[in-house]
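Residue numbers (this note's numbering), protein chains in the order written: chain A, -3 to 310; chain B, -3 to 310.
Since the hints were made in silico from the structure, they are not lab data.
One or more of the hints may lead you astray.
[Said to hold, decoys possible] Below, computed lysine-lysine pairings styled on DSSO-like, alpha-carbon distance capped at 30 angstroms: (1) B:K3 <-> B:K27; (2) A:K304 <-> B:K27; (3) B:K101 <-> A:K256.
Protein chains: 2
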Amino acid sequence: MSRPDPKAATRVGVVGTGVIGGGWAAHFLAKGYDVVAYDPGQGAEDRLRRLIDGAWPALEELGLAPGAAKTRLTFADSLEEACTDVAFIQESGPERLDLKQRLLKDIDAAADPETVIASSTSGYGMTEMQRDCARAERTVVGHPFNPPYLVPLVEVVGGERTAADAVDWACDFYDHAGKSVIRMDAELPGFIANRLQEAIWREALHMVAAGEATVDQIDRSITEGPGLRWALMGPCLTFHLAGGEGGMAHMLDHFGPSLKSPWTRLIAPELTQELRDRMVEGCETQAGERSIADLVAERDRKLIAIMKAREAAS
Amino acid sequence: MSRPDPKAATRVGVVGTGVIGGGWAAHFLAKGYDVVAYDPGQGAEDRLRRLIDGAWPALEELGLAPGAAKTRLTFADSLEEACTDVAFIQESGPERLDLKQRLLKDIDAAADPETVIASSTSGYGMTEMQRDCARAERTVVGHPFNPPYLVPLVEVVGGERTAADAVDWACDFYDHAGKSVIRMDAELPGFIANRLQEAIWREALHMVAAGEATVDQIDRSITEGPGLRWALMGPCLTFHLAGGEGGMAHMLDHFGPSLKSPWTRLIAPELTQELRDRMVEGCETQAGERSIADLVAERDRKLIAIMKAREAAS
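Only chain A is shown next, with the shape it has when bound in the complex (with noise of 0.2 angstroms):
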């Protein structure tokens, strides 16, 4: 059997229903798959369902796909079941790196041979997971974040034994099936947007743990401050707004010795020229033909439907 387009992809295997594999199948179903789940946990089926019954409603709001239907869930008996006669296959299993191997290995030998697996590891490289797959060339990373049914990242990465079609195929089927993709070119651990996520995470369990502050204080910090901001620049362009008319490089010339200071565990880089160079062009390239007064503009408009919409669904 040969590799589906893409585009036509109509049913796709979910191995593991906790709450990723689970936010996935409701992902799928929504977008108008047909979805094959497997979980050999005890109660997992009631559990699925559950899950995606909570789901749908948002997924109703969002808007479903022509013919999306939660009765386009099938439970299987088996993993041999949710692995063949699907175009694509999702694994969240247990974030544990022995049991990804043998899961990977065992979903490789049932599944069709063209047929494209992708883990939803939050960390692991492909390389060490692929390790016992006998076609671990159509094994990817397709890591999303939770719930995957309403955030639209997915970071897709290969591993040594992946050939480089089994990612472009995997990139252009979530793509089609409503996700925002990066595709990376090379494995680093925890991707890059779990990277950034841990290192907040890392800095917050440490002032949690000497007594510097609450988790109460950490999350306000975070809703009430930067994270506002995050949902509509991230943190480059939101630092280039930060160095007002100059930005980025008027920024990094009015923070840059900030970088010294003791202001997290995290110790910064050397702000060498190349450095400097490569985060001033990454802006300008983001900004485009966008004025640091028009991103002001843009950014104040989509802070204030933000902050209204939040209030609005409290």
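Fit chain B to the given chain A structure using the hints.
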């Protein structure tokens, strides 16, 4: 002159009118205060008025306080003018310790002896900044986020010589002036939100420096991923939900080992029983009566509202 009721203040001094100071001026004007601003920089008045003109449509949309008007801005000819006959002074000078020390000394000398003086510093402690102040007991940190006229957070903390009643007064004043206040009990470099933000920023710089990710990938990984959630739930409550029905306790069991993973260059603290209990209790306190299912429904509702608002404002 005695200190006025923080709720009865009508006139504030703003010293330093760059991006942050100018943003404060816009905020106070929109909240119906008279603002006396001073900045010695060439062309500062023009830049300030341009900044306020740029921000005003946003502030009108959010809703101006009765009587609020851009015409209630006075640009002072001297530092003294901005520091007298005002109920409160917000300092937002350049972020260099020696300049902060000199500026606060000058403001302290010019201001009525009871007037509370707050510094917008991004991370210096008030103990070091207030070194040369004769009346240091009324100097506090009031650290905002950009833009101060939209992002609600202000972190308030005193230095060694600051009197508790000045910190109280500043918290009450900011609260009345429409800010969301975090009162810190102890000085901490970078306060809380900047430590979290700086951890993300430094990890981002490392990735760019090492060629592991581009500026565009970093920003998209946030705005399409965890950044969407952080506008509505902080990192702790977010992870409380990632644990499924078991909440933070299950999350720490499940993902705790990842604290040892090289997912960021920041080494995590030891996950002791005490830290674990603090995290679990902190999340349970925040959750209050809301079950995990309630929180999931609330998160989904707000995420959808935010995504729709972001889209509509594009």
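Starting from K101 (chain B), check that the Cα of K256 (chain A) is at most 30 angstroms away, please. Holds. K101 (chain B) to K256 (chain A) sits at ~25 angstroms (cutoff 30 angstroms).
Pairwise hint evaluation, K27 (chain B) against K3 (chain B), where the allowed Cα distance is 30 angstroms at most: 12 angstroms, holds
For the pair we were handed, K304 (chain A) and K27 (chain B), check the Cα-Cα distance against 30 angstroms. 18 angstroms, holds
Against the hints set out earlier in the document, no violation occurs for any number.
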